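Just so we're aligned: 16 in UniProt numbering is position 16 of the sequence shown, and the numbers increase by one with no gaps anywhere.
Please keep in mind that the hints were generated in silico from the structure rather than gathered at the bench. Keep in mind that this is a model prediction, so the values were computed, not measured. Hints should not be assumed to be uniformly reliable.
What the hints assert, rightly or not - Here are the simulated SDA-like pairs of lysine to any residue, each with C-alpha atoms no more than 25 Å apart in a straight line: (1) Lys-54 - Thr-3; (2) Lys-218 - Ile-234; (3) Lys-54 - Pro-88; (4) Lys-28 - Val-71; (5) Lys-227 - Arg-241; (6) Lys-216 - Leu-133; (7) Lys-218 - Leu-190; (8) Lys-54 - Gly-80; (9) Lys-216 - Ser-128; (10) Lys-216 - Ile-120; (11) Lys-216 - Leu-190; (12) Lys-132 - Asp-61; (13) Lys-54 - Leu-81; (14) Lys-28 - Asp-61; (15) Lys-28 - Leu-121; (16) Lys-222 - Leu-121; (17) Lys-54 - Ser-20; (18) Lys-218 - Ser-128; (19) Lys-216 - Asp-127; (20) Lys-132 - Tyr-207; (21) Lys-218 - Ala-197; (22) Lys-222 - Arg-241; (23) Lys-218 - Gly-203; (24) Lys-218 - Leu-81; (25) Lys-28 - Arg-7; (26) Lys-216 - Gly-80.
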Amino acid sequence: MWTIILRRIAIMIPQLVLLSVLIFVLAKAMPGDALTGQLADNPKMDMQTLAELKAKLGLNDPLYVQYTRWVSNLLQGDLGLSYTHQQPVTELLAQRIGNTVLLSVCIVVLTYLIAVPLGILSGRWNDSWADKLIVGYSYVSFATPLFIFAVLMLFLFGFTLGWFPTGGSVDIQLEAGTFDYYLNRLHHLLLPALSGALIGTVGVIQYLRSEIIETKMKDFVKTARAKGVPESRIYSRHILRSSFIPIAAFLGYEITGLIGGSIFLESIFSYPGIGQLFLQSITQRDYSVVTALVMISGVATLIGTLLSDLILSLVDPRIRIE
Numbered sequence: 001m002w003t004i005i006l007r008r009i010a011i012m013i014p015q016l017v018l019l020s021v022l023i024f025v026l027a028k029a030m031p032g033d034a035l036t037g038q039l040a041d042n043p044k045m046d047m048q049t050l051a052e053l054k055a056k057l058g059l060n061d062p063l064y065v066q067y068t069r070w071v072s073n074l075l076q077g078d079l080g081l082s083y084t085h086q087q088p089v090t091e092l093l094a095q096r097i098g099n100t101v102l103l104s105v106c107i108v109v110l111t112y113l114i115a116v117p118l119g120i121l122s123g124r125w126n127d128s129w130a131d132k133l134i135v136g137y138s139y140v141s142f143a144t145p146l147f148i149f150a151v152l153m154l155f156l157f158g159f160t161l162g163w164f165p166t167g168g169s170v171d172i173q174l175e176a177g178t179f180d181y182y183l184n185r186l187h188h189l190l191l192p193a194l195s196g197a198l199i200g201t202v203g204v205i206q207y208l209r210s211e212i213i214e215t216k217m218k219d220f221v222k223t224a225r226a227k228g229v230p231e232s233r234i235y236s237r238h239i240l241r242s243s244f245i246p247i248a249a250f251l252g253y254e255i256t257g258l259i260g261g262s263i264f265l266e267s268i269f270s271y272p273g274i275g276q277l278f279l280q281s282i283t284q285r286d287y288s289v290v291t292a293l294v295m296i297s298g299v300a301t302l303i304g305t306l307l308s309d310l311i312l313s314l315v316d317p318r319i320r321i322e
């Protein structure tokens with residue numbers, strides 16, 4: 001197992017190199033830069049001062065020099081300086097990444113708490129009225145864009161009914177570490193997490209439903225029924241165990257896919273995480289933050305792929321990743 005993991009990590013190295021080149025080239029291909037944006041916002045800054053700042057920051061150096069310097073700093077844990085926020089990118093991300101991780105974990109937990117029972121119900125009693133309702137819900141979820149659904153949830157439960165806060169991650173007047181503080185954080189977190197989970201359940205439901213329907217028609221299940229094995233035991237020991245294999249492997253991809261979805265959720269619900277920061281950095285042309293976040297997202301995707309393969313091999317020992 002460890003040999004396979006080390007081999008996969010070795011394969012990830014050239015992938016990361018290629019990813020870093022693409023990120024750097026695309027960032028440099030974007031029009032303008034953060035200093036040009038500051039020129040428009042700061043009337044006291046003239047063109048000469050702007051040119052001096054660019055020379056001081058090395059923005060006039062050849063691209064290969066800038067890339068080498070960026071990668072060298074990246075390997076040392078230095079993600080650069082945010083020109084907009086005037087602080088190191090590592091400090092800026094440290095202030096927000098906790099909120100995004102917490103939101104992502106809550107979405108994954110809620111997604112599986114909702115999707116697994118519905119998938120089992122739909123697969124075990126397929127073609128029933130309950131199955132038709134669940135399949136209909138899946139179709140609606142699949143056809144509804146996340147940002148539209150999130151806006152509707154915010155309007156209904158935030159502004160109209162007033163059941164949930166409409167922005168932020170916690171009320172500022174609460175003292176950190178108290179019970180009311182954590183309860184208030186959960187209150188702020190629940191609506192965006194539930195919005196992401198209700199849309200994200202469609203994949204798990206359909207996978208699980210299809211696997212159960214296919215598995216219960218296989219020969220080993222028919223043999224168990226012929227031997228008089230109780231139906232509940234057939235489902236718990238044979239059908240569900242086999243059907244959960246692709247669902248377990250799907251978990252790694254679910255985690256990495258949440259990074260993209262958090263951009264919409266955090267922006268709509270004004271939730272201070274790295275998704276909201278990413279969108280703000282693009283509009284403000286803060287390329288140090290943009291390149292750092294895209295690189296982190298790429299690394300998370302590669303790790304998620306490896307995690308999915310490992311989960312798959314652990315759930316079913318017959319499967320070994322190559």
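Here is what the structure says about each hint:
1. As the CA atoms of Lys-54 and Thr-3 are separated by approximately 47 Å, the hinted pair breaks the 25 Å bound.
2. Between the alpha carbons of Lys-218 and Ile-234 the distance comes to roughly 12 Å, so the proposed pair stays at or under 25 Å and holds.
3. A distance of roughly 18 Å separates the Cα atoms of Lys-54 and Pro-88; the hinted pair therefore holds under the 25 Å criterion.
4. Taken as a hint, the Lys-28 and Val-71 pair is honoured in the structure, with Cα atoms around 15 Å apart against an allowance of 25 Å.
5. Annotation: proposed proximity of Lys-227 to Arg-241 holds, straight-line Cα distance about 19 Å (limit 25 Å).
6. With a C-alpha separation of about 21 Å, the suggested pair Lys-216 and Leu-133 falls inside the 25 Å cut-off, and the hint holds.
7. At most 25 Å may separate the alpha-carbon atoms for a hinted pair to count; Lys-218 and Leu-190 exceed this at roughly 41 Å.
8. Simply put, Lys-54 and Gly-80 have alpha-carbon atoms about 15 Å apart, close enough for the 25 Å limit, and the pair holds.
9. Taking the CA atoms of Lys-216 and Ser-128, the gap is near 16 Å; set against the 25 Å cutoff, the hint holds.
10. Proposed proximity of Lys-216 and Ile-120 is supported: the alpha carbons are some 12 Å apart, at most 25 Å.
11. At most 25 Å may separate the alpha-carbon atoms for a hinted pair to count; Lys-216 and Leu-190 exceed this at roughly 36 Å.
12. Taking the CA atoms of Lys-132 and Asp-61, the gap is about 62 Å. The hint is violated against a cut of 25 Å.
13. A threshold of 25 Å between alpha carbons decides the hint, and for Lys-54 with Leu-81 the separation of about 13 Å falls inside it, so the pair holds.
14. Among the hinted pairs, Lys-28 with Asp-61 is consistent with the structure: their alpha-carbon atoms are about 12 Å apart, no more than 25 Å.
15. Simply put, Lys-28 and Leu-121 have alpha-carbon atoms about 51 Å apart, too far for the 25 Å limit, and the pair is violated.
16. Taking the CA atoms of Lys-222 and Leu-121, the gap is near 20 Å; set against the 25 Å cutoff, the hint holds.
17. Restraint check: the Cα-Cα separation between Lys-54 and Ser-20 comes to about 22 Å, which is no more than 25 Å; the hinted pair holds.
18. Distance check on the hinted pair: Lys-218 and Ser-128 sit about 21 Å apart at the alpha-carbon level, within 25 Å; holds.
19. This hinted pair checks out: Lys-216 and Asp-127 have alpha carbons roughly 14 Å apart, not beyond 25 Å.
20. For the suggested pair Lys-132 and Tyr-207, the alpha carbons sit about 16 Å apart, so the restraint of at most 25 Å is met.
21. Between Lys-218 and Ala-197, the direct Cα distance comes to roughly 32 Å. Violation of the 25 Å bound is thereby established for this hinted pair.
22. This hinted pair checks out: Lys-222 and Arg-241 have alpha carbons roughly 16 Å apart, not beyond 25 Å.
23. Pair hint Lys-218 plus Gly-203 holds up; C-alpha atoms about 23 Å apart against a cutoff of 25 Å.
24. Under the criterion of a C-alpha separation no larger than 25 Å, the hint pairing Lys-218 with Leu-81 is inconsistent with the structure, at around 59 Å.
25. In summary, the hint linking Lys-28 to Arg-7 is not supported, as the alpha carbons are separated by about 33 Å, beyond the 25 Å threshold.
26. Straight-line distance between C-alpha atoms of Lys-216 and Gly-80 comes to about 55 Å, which puts the hinted pair past the 25 Å bound.
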